[in-house]
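Listed here are the chains, written in short residue letters.
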Amino acid sequence: MKKLLLVSLCFLVLCVTQVFAQNRTVTGTVTAKEDGLPIPGATVKVKGTQVGTQTNTAGKFSLSVPSGSTIVISFVGYSTQQVAVGSQSNINVSLVASAGQLGEVVITTSLGIRHTEKELGYATARITAKDLTETNVTNVANGLTAKVSGLAVYSLDNGIDPTIQVQLRGNRSLEGNNNALIVVDGVPIPGGSLSAINPNDIADISILKGAGSAALYGSEASNGAILITTKRGASDGKPTITYGNSLQLEKVSFYPKLQTTYGPYGGEPVSTGYLDAITNYSKYTPYENQEYGPAYDGSIVPLGAPLDSANGTQLMVPYKAYPVSPIKAFFNTGVTEQNDISIQQGDANNSFFFSAQNVYRTTVAPQDKYWKNSFSARGKRTFGIFSIDYSVGYSKINLSTYINNSTASFGIPGSFVTNAGANDLYSSVLQLPAFLNIKAYEDPTSRIANVNNYYDAYAINPYWIINNSRRNAQRDVLLSTVNFKLSPTKWLDASYRISDNFGIDQEKLTRAEADFTPYAINDYYQASNVPSGFKATGKAPGAVYDYYQYGDGSSSFPGYARLQGDAILDFHHTFAKDFKVNVIVGNSIWQERQKAIFTGSNNLLINGFYNINSAAGTVTTAEAEYLIRQISYFGDANVSYKGWLTLDGTFRNEQDSRLAKANRSFNYPSGRISFIPTDAIPGLKDNKILSYAKLYGSLSRVGNIDIDPYQINNVYNVGPGFPFGSLGGYSLSPEQYSPTLKPELTTEFEVGAELQFLNSRISLNTTYYDQKDRNQTVPISISTATGYTQSLTNIGETESKGYEFQLTGQILTQAQNKFGWTVGGNLSINDSKVISLLPGVNELSLGQRNYAIVGQPFPLLKGTDFVRDGQGHVVVDPVTGYPSTDNTKLTNFGRTTPKYNLGLNTTVSYKFVQLTAVAEYRGGNVIYNGIGSTLTFTGATYLSAAAGRQAFVYPNSVIQTSPGVYVKNTNVNVQNGNYGFWQTSAFTSTNSAFVTSGAFWKLREVDLAFNLNQFVKNNKYIKGLTFALTGRNLFMWLPKSNLYTDPEFSDATANSNTRGTNSAAQLPGTRVFGGDLKVTF
Amino acid sequence: MKKYISVIAVLFAVGIAGCKKDYLSQEKNPNQPSVNTPDLALAATLVSDAGTLQGSYPEYGVWGGYWTTSGNYVPNQALNEYQLTTTSNTGVWDALYLNLSNWNTLLNQTKASGSGNYQAIAMIMKAYDFEQLVDNFNDVPYSQAFDPKNLTPAYDKGSDIYVDLGKQLDAAIDLINNSTGGLTPSAADVMFKGDMTKWKRFANTLKLRLAIRTSSNAGSATAFAALKASMTTHLSEGFLVEDAAVQPGYAGVNSTAGVSQESPFYGVYGFDVTGNATFGYQYYRANAYAVKFYLNNNDPRAEAFYAPTDAGGIIQGNIFGDILHNNQNPATSAIGAGLLQDPTQPAIMISGAESAFLVAEALQNGVIASSDDYATPQVAYEAGITLSFEQLGLTDAQAATYYGQAINNVGWASSSNKETAILTQKWAALNGLFNLEAYNEYRRTGIPTLPSSVDPAALSPTLPTRILYPASELSTNSGQLGKEGTISPLTSKIFWAK
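Heads up: the sequence lines are chains G and D, in that order.
First residue of the first sequence: 1, per this note's numbering; consecutive thereafter.
First residue of the second sequence: 1, per this note's numbering; consecutive thereafter.
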């Protein structure tokens, strides 16, 4: 790679002297006719060439044009205008809305090649900078939510460091990567780096929805691609400085439905005195973590054990629920403050853009913090036929968050409870009874809140987790690209691009030591409390884990750093006036690398001193390194006839180091066609009703190498506990690998139409696609009797097909009416199906209750159900009235990914005020609410108190009178309607009790913007001023059955396809609202 | 312009040629080895087997009358009410087959290199693991197991597997006897340090265990005939007269891999590397049934098997399944210091006591005609009790005092039924460390009469007869598993069971 760079540099030196100077510079401003406001991002092109620029935020442009030429000015939603330059040096253009010819819009496609939309034989969508950052998202992915058909953004949790997945057209791969390829300025970047990009640096985003549109990217393209074009400087010669500030608040928007009637009791036996032997009624139990006790009555009761000693103060509190449940009182209001500044300047040959951003964020979890500082510099310089374009972005993220147990990074538990099963933060919070003044426990060193005096014998103070178990991460990410381009003739561009994207993630996880007094260990209530588990040593030692990863700046696997070089030759010529031909050939070489090292110990010697050298016993260490290399050759031939018929074919060969030598080389072809009947057929031209129509189709084959490096040979693992001194031991890894593995192959067929009606005021895009994915690479679970638990195999085939609709309508135009009103909607319907798995195998477990079953959509949720009669009624025991779990089979509850995704958006504008709203619906899926099981355990769930904790007849149940004969149960009550049923019956342990619809409606974005430009028109320094009030996820509507949490949340990790299972590892859902101010100088 | 085009062409050529030939050859895993040596495999698999035996069978400890579950935790429906599911006992299936896979790989590897002693050890330990599989699950894949090309191996009859294991053990002893000049493991053999005589005793004891297990009921009569006949083959090799224990150098620390190096029973049911109680220690409490048995017979082992209560310092057990009336942890006994001696304690695979009781029963019932190790059933019986006392850190004198008492099923002479006495004392010796073996023998003979759960929601008035096949088998090998018919944990029996 280095050698190549060197040659390119030599080449640069040779060429700088060659300057052609026949052009002259034209500057101007593009405004909208309706309101006179500037249009940023409008395309200005020299007619018949690829030469062009875009207007800056003030709507200004500067372009070097040959004399006698014509410039073409276009923008989405506006009619394109052509202006003969003549002798003018300043051209001001005012575009007319709604007569826009979308077909002329230039779209960035694979490898950064730009085509007009007319020429594209596949579905794309474009998101402008304004759409993306309307509500001041801190992560690019959030700005894409609900805006494009076929694109789904999954926020799997909402902590300070959330896991977000971006998917196009649903799932294809059963277990492999289904996430869209992210491409910045023509070069793929590691998925984990997306969060490092400053959303305000983005000029626009093209979404290539399917494999066909991204086929040139080969094995990385099967999941579609998101192409991000970053801002370059404008070319009007004047510097523009923009400053923006936004302040947003974040509050919990959805809590599970809670009971606030009953206080603590948790199954204490009669011998403790908390259970009446005769009546079986439970009594108030001052140290319990479950709420199955008597109803709150306002009496004064002891809480916990006497403080510090058996003769110490006994805390006495009113047995009365607080108006605000402590579960709600625990969470804070988060604040996000963003400061942005950017400077841009440029002229015909040079441009420069610099931006800096500072984000400071806190969230609903106390003490969680996030800081981000990012800087980027981009520019372009042209020397005659040679040009250089560069981009460097650096970001530094610091974050500090509490440690959960179930999601514990690198195995460090967040709490010290080892004997009772450790708690996640949220599950600790869900154990708080309604009469507890939680704020009194905020300082865990205070007398009542410290580990020795905490009232709850079985849980730990959630503030202890907050204060004492922290994950501090620092991420440095550098994204850099330089592109050398040579245009020796009118019909050839040659470019070579080098890009190096990498990040370093450094994390330190610490957990404080907990010291217990003999009194606490002695266990006042003889309840086997938490401290009594530490009788042997009197302390739970502190822990420290240090993690260092070179890769994409995240701590995930895979999270590769990427070094890439692309050489591209671009031939373009128009033959015989009507045939526009564009041929591209290229070579791409890339390498991805990750290296991680960590050390840790759960047994520190000195309280509060977190250094691995201060550990007792042996420390845990690990090291891992991964490398992938790929070489590919590709070509693309595009022929367009009179602009209304375009044929395009691509071909790519690639060789990948992850595969064994014999299977290493693969070919991926694709072809497509686009036809514009409104241009081709004279009778349809200038039609008043149908203003524009495009029909297109594409057929493609791409790959998906879902094999990690080194997964083609079996390996041995270090044996359990080894090495014992000098004695080593290695055992066979339970996962079987094979050198015969091949890439997955996705074949996609796509047809679609783009139609515009009534002078383009209504536009409809519709697409149908059908993808078949063969050679699924799946670590299938195999019978352990084979000697392995899993085998990584190419098996079977899946199909994913669907429809996408995108409808936009301008109901009122502001130019003609005082009010402007547009509405838009997008709908995706995705149907996936498993066509085959292994011969004789009909079902495959994907983990976390997700399955793939032949003939069914995937992934499916399966779990245990109650024993039922033939009609589906739950069969209860004739004596106890309790249901029982059907252990003979797992029931199929439905698919875990939404079948329907609907996005709606509307904009209403009046004078300088504009209101925009985006809403989203997802449905057709189910979710297993693991959090419901936690809530039933704690007794906080509303459902458990719905029958007043009295005995009740299990609804719609039957009793078996003789084998196979069932009668309706009308009179057999559950034996115990309190702890007995909710805790000890099969109800809580049966999955179906907590399976609900996964559907939701969310009001994703609301933005009330005030464009104050007209008020600063005469100001010398201020060129633009806008102010906006924004909100995200303001409201959520759920089906009645879902009492638990935001169904979007899931236990899945970033690269897992399993969904539909949540737990207390995710915090409750939140809403964000605030305001922002942007000033342009 | 041609000049530029040729420069570009050169650029391309350099780009392509710039890559070395092995640029894409990145198959070698820098993180994990792809080869293993017999010694590394031997040590790792023995240690893994010890972990499986000592960490996997708490439910049999509860049903076996030794333990109950703590009243401080949410009741365990699987244990107390017999609501067993296919996910209740998945761990042991996977653990045993993976250990077996390692033995099988070692066997094939050393067969190729002609190391008879390694082969023999692999064959003996295969028999040891397969016996556990059959005792847990009855029919299991055996003849078609460990074939990567056959992902759905058929199930073999438990009785057929038993008979074949007998043959394999004989073959292993023959291999050792015929091994001349072959390699013998030393430090890597963390059980016998390469003492092949002890391996032969281990194999012979295992074979006797198979024979005795099939000796009681009609369902295992055929297997018994074959195994009894084979007992004569190597009778002179003798049986274990001491504990066969794995000791790789257990320690109360973490390994560099972050895994505890504690002796497995100590690590699961005792204390973690920081010295604090594990969940297993808090959760499993003394069973009133066993406590009563030991205390009523003046057995000092009561204080070894169970710890004195925090409140009161007495040995106190809970009644199995009485979740409403049982004592909280501070008033019940935890697992005692005789079982939890030290994190470095060896992990016993077959105890000398069990071997003696097997010989006692075999002599008593004529399964073997004689034994060089124990002359009479009484000698073996009393040796069994003595070895049990020794294992717990008690003295031979204490043992003699104990079995000198004129109490039925304690003193040999005072016992009305010698077989019942042997089985009762065997049960008393297997407490905690050998829950599986204790429960197996109960299922074979019904001796002693163990208490069933008093939980009113219990699905059966009698103890479960077996655990279910794991969910993983149901989803990966359902066709073959389906041929086993409906399995009920309350009525389906292992082929040798009563």
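Derived by calculation from the structure, the hints in this document are not laboratory data.
Check before you lean on any hint, since a few could be wrong.
Among the chain D residues that face chain G by a calculated CB cut under 7 Å, a handful are [unchecked claim]:
hint	residue
1	Q26
2	T105
3	L107
4	A245
5	G249
6	S255
7	Q328
8	P330
9	S475
Ideal placement from N, C-alpha and C gives every residue a C-beta, glycine not left out.
Quick rundown of the hints versus the structure:
{"no.": "1", "hint": "Q26", "in the structure": "holds, 4 Å"}
{"no.": "2", "hint": "T105", "in the structure": "holds, 6 Å"}
{"no.": "3", "hint": "L107", "in the structure": "violated, 12 Å"}
{"no.": "4", "hint": "A245", "in the structure": "violated, 14 Å"}
{"no.": "5", "hint": "G249", "in the structure": "holds, 4 Å"}
{"no.": "6", "hint": "S255", "in the structure": "holds, 5 Å"}
{"no.": "7", "hint": "Q328", "in the structure": "holds, 5 Å"}
{"no.": "8", "hint": "P330", "in the structure": "holds, 4 Å"}
{"no.": "9", "hint": "S475", "in the structure": "holds, 5 Å"}
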